[in-house]
Amino acid sequence: MTTKVYIPRDSSALSMGADKVALAIAEQAKLRGKQIDIIRNGSRGLYWLETMVEVQTDQGRVAYGPVQAKDVNGLFDADFLNGQSANASAHPLYLGLTEQINWLKQQQRLTFARVGITDPVSLDDYIAYDGYKGLKNALQLSGADIVKTVTDSGLRGRGGAAFPTGIKWNTVLTCQANQKYIVCNADEGDSGTFSDRMIMENDPFVLIEGMTIAGIAVGATQGYIYLRSEYPHALKVLNEAIDKAEKAGYLGEKICGSKHSFKLEVRRAAGAYVCGEETSLLESLEGKRGMVRFKPPLPAIEGLFGKPTVVNNVISLATVPIILDKGAQYYADYGMGRSRGTLPIQLAGNIKQGGLVELAFGITLRELLYDYGGGSASGRPIRAVQVGGPLGAFLPESQFDTPLDYEAFSSIWAVLGHGGIVAFDDTVDMAKMARYAFEFCAIESCGKCTPCRIGSTRGVEVMDNIIAGKEVAKNIKLVRDLSDTMLNGSLCALGGMTPYPVLSAMNHFSEDF
Amino acid sequence: MQDLQEKQVQGKEIDRLVAQYKSMPGALLPLLHAIQDSTGFIPETCYATIAQALSLSVAEVHGVVTFYHHFKTHQPGQHVLQICRAESCQAMGSANLEAHAKKCLNIDYHQTTDDRAITLAPVYCLGNCALSPAVMLDEELYGRVSIADLDALMLEAGASLAKA
Chain U
251 MTTKVYIPRD
261 SSALSMGADK
271 VALAIAEQAK
281 LRGKQIDIIR
291 NGSRGLYWLE
301 TMVEVQTDQG
311 RVAYGPVQAK
321 DVNGLFDADF
331 LNGQSANASA
341 HPLYLGLTEQ
351 INWLKQQQRL
361 TFARVGITDP
371 VSLDDYIAYD
381 GYKGLKNALQ
391 LSGADIVKTV
401 TDSGLRGRGG
411 AAFPTGIKWN
421 TVLTCQANQK
431 YIVCNADEGD
441 SGTFSDRMIM
451 ENDPFVLIEG
461 MTIAGIAVGA
471 TQGYIYLRSE
481 YPHALKVLNE
491 AIDKAEKAGY
501 LGEKICGSKH
511 SFKLEVRRAA
521 GAYVCGEETS
531 LLESLEGKRG
541 MVRFKPPLPA
551 IEGLFGKPTV
561 VNNVISLATV
571 PIILDKGAQY
581 YADYGMGRSR
591 GTLPIQLAGN
601 IKQGGLVELA
611 FGITLRELLY
621 DYGGGSASGR
631 PIRAVQVGGP
641 LGAFLPESQF
651 DTPLDYEAFS
661 SIWAVLGHGG
671 IVAFDDTVDM
681 AKMARYAFEF
691 CAIESCGKCT
701 PCRIGSTRGV
711 EVMDNIIAGK
721 EVAKNIKLVR
731 DLSDTMLNGS
741 LCALGGMTPY
751 PVLSAMNHFS
761 EDF
Chain F
18 MQDLQEKQVQ
28 GKEIDRLVAQ
38 YKSMPGALLP
48 LLHAIQDSTG
58 FIPETCYATI
68 AQALSLSVAE
78 VHGVVTFYHH
88 FKTHQPGQHV
98 LQICRAESCQ
108 AMGSANLEAH
118 AKKCLNIDYH
128 QTTDDRAITL
138 APVYCLGNCA
148 LSPAVMLDEE
158 LYGRVSIADL
168 DALMLEAGAS
178 LAKA
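Line by line, the protein sequences are chains U and F. So that you can map any letter, position 149 of the first sequence is 399 in our numbering, and since no number is skipped, the others follow by simple counting. So that you can map any letter, position 139 of the second sequence is 156 in our numbering, and since no number is skipped, the others follow by simple counting.
Mixed in with the good hints, there may be bad ones.
[Stated by the list, open to error] Output of the computed footprint for chain F on chain U, the stretches with three or more beta carbons under 8 Å from beta carbons of chain F:
# : stretch
1 : 431 to 444
2 : 535 to 543
[Stated by the list, open to error] Taking CB as the label site, the calculated pair distances span:
# : chain 1 : residue 1 : chain 2 : residue 2 : range
3 : U       : L548      : F       : K39       : 44 to 50 Å
4 : F       : P42       : U       : K509      : 54 to 60 Å
5 : F       : K120      : U       : Y379      : 48 to 54 Å
6 : U       : D493      : F       : L172      : 48 to 54 Å
Derived by calculation from the structure, the hints in this document are not laboratory data. Using N, Cα and C, we set each Cβ at its ideal position, and we do this for glycine too.
With the rest of the complex left out, here is chain F (with noise of 0.2 Å):
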């Protein structure tokens, strides 16, 4: 029940979104950012509604989604924890951060903690290089980060770490 009227409510803010997007020049990316900045991720449910209002196939707006790395189609954990795999990081042993994060919250890329705290999720650049290795925590941004203090950041964020 609880499940239901929560999807009726994000179908209306969904409809609003649509209605507030759909006449803007090349809309649809505008709008699945909106989308996602309010319920967390872009649900399948809605590309029907968005498909319509701007001229669209289910298709597209699927392919579109589905193309761009930054956009979810779960919702995801109460906190995203993003660690930068590029060269300036690997220089300076983002490596170890990647192995170590996985490890104490006992998941891959991509996926979520089982408590639903943390979703793990690799980046390529965050533009910190001159403080590699970064990470960033929802929007907070992170430099010259250490196992410790990337054990304090999964904290923070509510995480049991496993034993590593």
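Extracted from the complex, chain U is given alone in its bound form (with noise of 0.2 Å):
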């Protein structure tokens, strides 16, 4: 009897030495004379038990975790295979039913459906796990249908600026023009995020899928994903499911037999975290220099190449297959307020478990952080957590209460950004946190807008003498000066958002400035 063995390939997972695994498990069972298919699937996101092994049992999935190399041999011995006998069960490494295990359990995985069960660049794993239902219903609609439906689902922007969706799908599809252009924002730059790579690496088709439901709403015939270059097996994995995708008529001239065409294209982005930001994304794949553009003109309007463009994140892509699939109204059920549906959660930093949650809009910073993440790595308490990237607030224990929602944090004056949230225990200097965020905003300003370009140098300066402890209260009156002008002087968000980390800092944590 062949056994089916999954072991992730999702970069993180190889970041723990999953190839090493793999290998380590072909060689045993072939000495052994065991007889399995060993399946590269993604990672369910678990990854502080990453390399986590799967094995198939009559019940569903068995995992062990986490599996490094040289505990190979002690699983064969413990008949790991057999994943339903006394032995398997007895190991320290056996986690009982991978769909029972609570993190997972207590998910609602829309986005991420598949996301860990199946082999990323397997047409048919996605066909039989649901794939391709969404675009099979956007055939038989009418590009305005689409896009109401999008809009009616309450789908807003997952990159960070949550604008909605559907509108901005409609700018587009209302624009007249000879050529339109759809492209995926994946130049998921902010720290503590990592749910744009999950979603290419372990299931590309539903980006793709996406994508080509947005070209047919809105009339588009060509898509680019612009991908981060730090993200190199994204870049294989992308490459490999748009090639099989166009092979079997899912891309091309003619999709699916119907009249329309959608061809789609990565290109890799070079390392410049304001490429995150829309027009300068676009400047890039113009091939230039990627300096923020004035708005208007929106993108919408004149975007690549001067042609009416949807730039979307790659979050928000991946969630058009499921709308069109489910309906828009079993996405809105999900979530609170003006925040309908899920949110990718991702735990990152000084977090005993990280990984991706995704959940409806609503849960709470300090759920999330003891129930999911079981509080700290270090084990010491948890001093701060960043929210949204680098641009994002440092909010403290008082604030742990608010629930994850849009409105709720910018009420606090923070922002829920791509959904990243990095926790830091209370070794943290948050005066060398507050200058570090002037420094990242020098090396990355495009260097259009004089607050941004100047203002955060002379940050780093100001930051430097108050850590050195010169003229601390007149330095900090400098500090909320600079903030200001770059909070309302910036063209766009770096600059602009660079204050949200510095002035959080300084207010909720005064004892170290």
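Grab the two chains, each in its own frame, and use the hints to assemble them into the complex.
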């Protein structure tokens, strides 16, 4: 009998030695004459358990983790391939049925429904697990009806700006042009975020399907995925998936026999954080320096090469297929207030159980940090969390009961951004973090506007004086003045939001300054 | 002589890539990536060829090459070691890794060891934030990296480590 063994190929799993584990399992199986079929699936996102190896049983998949190559011999000795045996369940790395692991069981995985379950580059797997159902429905609808479905679902841009996706699409739909574009912003540069990477590496077809639906909806025939150069694994997976989708008629001319055409190409970014800003991204795609553009004109009206362009984040586009499959109301039934649906939350930094938690909006930070995260990795108290990447505010313990909701966060002068949560224990020096915020802005500024270009460098200098204890009261006032200028005078979010981490650190952790 | 021959081979390769990419919409970044993938960096001597093929000025090509952190203007060492400096990794002690690497390799960021084995570079997020601190050696990603892990990686990359 051949047993199916699942070993993730996700790059975080690889970073913990998944390839070595796979090699060791294959070798041992051969040596011991065991028939196994190794499937390199995606990661379930329980990263502290990587490499998490799963074995197929009659009851479902049984998981073991974190497995290292040196554990493989022992796993075979414990008959781990027979996941329901008493020996296997007595093994210290035995985790039980994967689907029954609380951390996973309590999640509401809509966008991530297939992630970790399927072989990422198997189109058959994708279709067997409800893939391309959204596209089939979309092909029966008019562009306007597809756009209406997306609008009605309440989906807002998951890249950070939270602009209603359907409204953006509608602007492009109503523009008359001989060429329109769909651009996927896959320049996921925020520290503490990896949900885009996970989708691209672990379920690339869902992004391809989402972009295809977007193209059909607004009348765009060319799509680009602008992928950060720090993600070499995602590049390979995407290109393989695009090739397979083309060969199967899901991309290219006359998609699925319809009148619609849509071509898709991955373009590599080159390590500039500012290119995650949509106009800078478009400049970069055109082959220029990634300098931010003035708005208006909006990219939806004059975007890539001056043509109407939808620019959406990976998660926004990857959520479109399930909305078209199950309907706008199904998605909108999740969430709270004006934050509809689910958010793929990324638990990172000094956290014991880091990974991907997809849940409806409304869960609190405290639940995420302790119920899911299990507290800090160091075992010390969590003192601060930064939500929403390097331009997000630092939150103190007194704000941990804030629900994850765009409006609730903005009411406490914070942002949800792309859903990344970075925890810090009580050894963090918040003055250093404020200095780093300016430093990062200085390194990444495109240089177009003065508050960002000059302000960030002056900010580092003033913070250095504060840290050195020089004229602290006067310099704190100076940082506040500078932050006010950057906040109100910058062209884009890089300069305009650097004051979020700086001022929140000063306001909530004044004892460090 | 060897050097001249190498440059001629490099020049031919760049000409081939320019011809391959020049008609692509927004060709410059894909072309620069292809050149760097092939030769390890973007030699300044090829700016004029690129500029002419894409109807740009040499200054524009220079401007793009130097805008992006990923593009290198000098030949890097045999291996590139990137250490993540972003917040999530800071929360897990990446500053210690950074200091250790600089001390052992006796170089700063953006520098290459004398034996050309390793170029050290900062990176701002590798997307491995649940397993911080993270480093990347060439295109291989590593998570929950300890000082001992880092030593092993540097040795594997052929570094002769200074006594810490």
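Now the hints, each set against the structure:
1. Check result for the stretch 431 to 444 of chain U against chain F: holds, 7 residues qualifying (beta carbon to beta carbon below 8 Å, three or more required).
2. Coverage of the stretch 535 to 543 of chain U by chain F holds [criterion: at least 3 residues with CB-CB distance below 8 Å; count 6].
3. Here the CB-CB span from L548/U to K39/F is close to 31 Å, at odds with the stated 44 to 50 Å.
4. For the pair P42/F and K509/U, the beta carbons lie near 24 Å from each other, so the given range of 54 to 60 Å is not met.
5. Remark: the range hint 48 to 54 Å for K120/F to Y379/U is upheld by a beta-carbon distance near 50 Å.
6. For D493/U and L172/F, the Cβ-Cβ distance of about 38 Å falls outside the hinted range of 48 to 54 Å, so the restraint is violated.
Against the hints set out earlier in the document, violations occur for numbers 3, 4, 6.
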